[in-house]
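Number of protein chains: 2
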Amino acid sequence: MTERMQNAADAGPGPHYLALRDHLAGEIAQGALAVGARLPSERQLQLGSGAARGTVREALFQLEAEGLIYRRDRSGWYVSPPPVVYDPTRWAGFMAYVAEQGRVPTTETLGKQSVAASAADAAVFGCAIGTPLFALDRRRAIDGRPVLVERILVDPVIAPDLLDEGLDGSLTAVLTGRYGVRVVRNHVEMRPCALIKDVARALGVASGTPGLLVVRRSFDAGDRIIEYDHEYWRHDAIRVLVEVRTRD
Amino acid sequence: MTERMQNAADAGPGPHYLALRDHLAGEIAQGALAVGARLPSERQLQLGSGAARGTVREALFQLEAEGLIYRRDRSGWYVSPPPVVYDPTRWAGFMAYVAEQGRVPTTETLGKQSVAASAADAAVFGCAIGTPLFALDRRRAIDGRPVLVERILVDPVIAPDLLDEGLDGSLTAVLTGRYGVRVVRNHVEMRPCALIKDVARALGVASGTPGLLVVRRSFDAGDRIIEYDHEYWRHDAIRVLVEVRTRD
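Chains as they are written, first to last, in the UniProt record's numbering: chain A, 1 to 248; chain B, 1 to 248.
Keep in mind that a hint or two might mislead.
[Claimed, not checked] Stretch by stretch, here's where chain A covers chain B in the computed footprint (C-beta under 8 angstroms, at least three residues):
no. : region
1   : 32 to 39
2   : 61 to 74
3   : 167 to 175
4   : 182 to 189
[Unchecked claim] Only some residues are given here: those of chain B computed to face chain A with a beta carbon under 10 angstroms:
no. : residue
5   : V85
6   : T89
7   : R90
8   : M95
9   : C127
10  : T131
11  : G204
12  : G208
13  : G211
14  : D229
15  : W233
16  : R245
Hints were generated in silico from the structure; no laboratory data involved.
Even glycine gets a Cβ: it sits at the ideal position worked out from N, Cα and C.
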């Protein structure tokens, strides 16, 4: 670890791939390679740098691991947009905190249906296994680029006509405005994970790409669960930020 | 997404790999496959389930993505220990919060040296590029299994003899006890990432495995930076938990 981290930080001497990584990272930082720009092809990078094919790929994988570049289908490598900052201690939904950061949030409903509570769901909702729950599947994008897919479960008792509502905005706003529900507590759990199968496909990333699973449970003043949400984020789209001070 | 998530949750009908996934997840949940136990070989799973080789592998990759099992070198698949819970809003270091959860934390110093501040370091420390900083590289384990590697940077002005100290415990305790430094604010940033190269090697995982990068900056009452820490966690070892209530 020592050598890698030091060399990457210092742009000093070190393995050849780090020199190329530092060169490309520098171009990105200075804007010579702008957000959304396509990188030169691997072949062009090979010719330009005099590096071997394996070295070029190592540099690209390093930049991908850091979230600076990403692959799009098979058309090549692109400069990643900056990640959005998510502060779980703040009281703002996706549509609000993304817009606050000067970005454009959009939400697309992929499906809405009634499902039977699994054992795990039943434990969270305090209901019997098999009890009907509303499931809402959505994909959310920032500046047109899909960044997360989510499934939200809601107890039909709380919002009987929920599936007839427009759900492409803030679900919390619908629950508050239409059903008078008020969330007063959020329990947020975050786990790094691999994005695979249908989730990877919905986000347009290769299966196995790193991601972040954010599981949010929202409760009202009576400690009744209102929303149970699983969000799968692509790894380069989110940065979680928490600031904390001693209380004494 | 809809189908996958639904089927995985319900153990209902669905792709064959999900049935095997649910079966193995059930064995793990019930303790028939205990923490640390080696799973049957892929060949044995094939014979036992009647599933095709590709189906068996899909089920194993699914369980790996969820953090329930992991690969050890080339010796097979093992049941993951439960992740440790990290609450960035709490004021406890690794040695403290891991022990509180009934687990055994250990710290191993991999290297300590003086390095020259990079442009990024200089911006954080408010010093000139090239200024000497102390760098401490450590690997930390829970119950003997390495879970993170980290590099901590400290300004030598704050702790001139730091590199001569024993640093296999809490660095904060050394800075407080020996140098009278008091941290009053932490700025914590978390980014999902891929673990590659030296970091992956130090943690004994395959290059490209998902991980979590935790970047922590600690400040004293005068807003002077005390510790600048980069922690790379293996994805199945950590769960970040934040609980928040409305303030009104």
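These are the hints, each one checked on the structure:
Counting residues of the region 32 to 39 of chain B whose CB lies closer than 8 angstroms to any CB of chain A gives 0, which falls below the minimum of 3, so the coverage claim is violated. Only when three residues or more bring their CB closer than 8 angstroms to a CB of chain A does the claim for the region 61 to 74 of chain B stand; here the count is 6, and the claim holds. Here the region 167 to 175 of chain B counts 0 residues with a CB under 8 angstroms from a CB of chain A, which misses the bar of 3, and the coverage is violated. Counting residues of the region 182 to 189 of chain B whose CB lies closer than 8 angstroms to any CB of chain A gives 7, so the stated coverage by that chain holds, three being the minimum.
For V85(B), the interface hint holds, since its Cβ comes within 10 angstroms of a Cβ in chain A; the closest pair sits about 9 angstroms apart. For T89(B), the interface hint holds, since its Cβ comes within 10 angstroms of a Cβ in chain A; the closest pair sits about 5 angstroms apart. Of the supplied interface hints, the one on R90(B) holds, with its beta-carbon coming within about 8 angstroms of a beta-carbon of chain A, less than 10 angstroms. Checking M95(B) against chain A by beta carbon gives a least distance of about 18 angstroms; that is not within 10 angstroms, so the hint is violated.
At about 14 angstroms, the closest approach between the beta carbon of C127(B) and any beta carbon in chain A exceeds 10 angstroms, and the interface hint on this residue is violated. Look at T131(B): its Cβ only gets to about 12 angstroms from chain A, farther than 10 angstroms, so that hint breaks. The beta carbon of G204(B) comes no nearer than 13 angstroms to any beta carbon in chain A, farther than 10 angstroms, and the hint placing it at the interface is violated. For G208(B), the shortest C-beta to C-beta distance to chain A is roughly 7 angstroms, which falls under 10 angstroms, so the interface hint holds.
Because the closest C-beta pair between G211(B) and chain A is about 6 angstroms apart, less than 10 angstroms, the hint holds. Violation of the interface hint for D229(B) is found here, the shortest Cβ-Cβ separation to chain A being roughly 12 angstroms, above the 10 angstroms cut-off. Hint on W233(B) holds. Least Cβ distance to chain A is approximately 7 angstroms, under the 10 angstroms limit. At about 5 angstroms, the closest approach between the beta carbon of R245(B) and any beta carbon in chain A falls short of 10 angstroms, and the interface hint on this residue holds.
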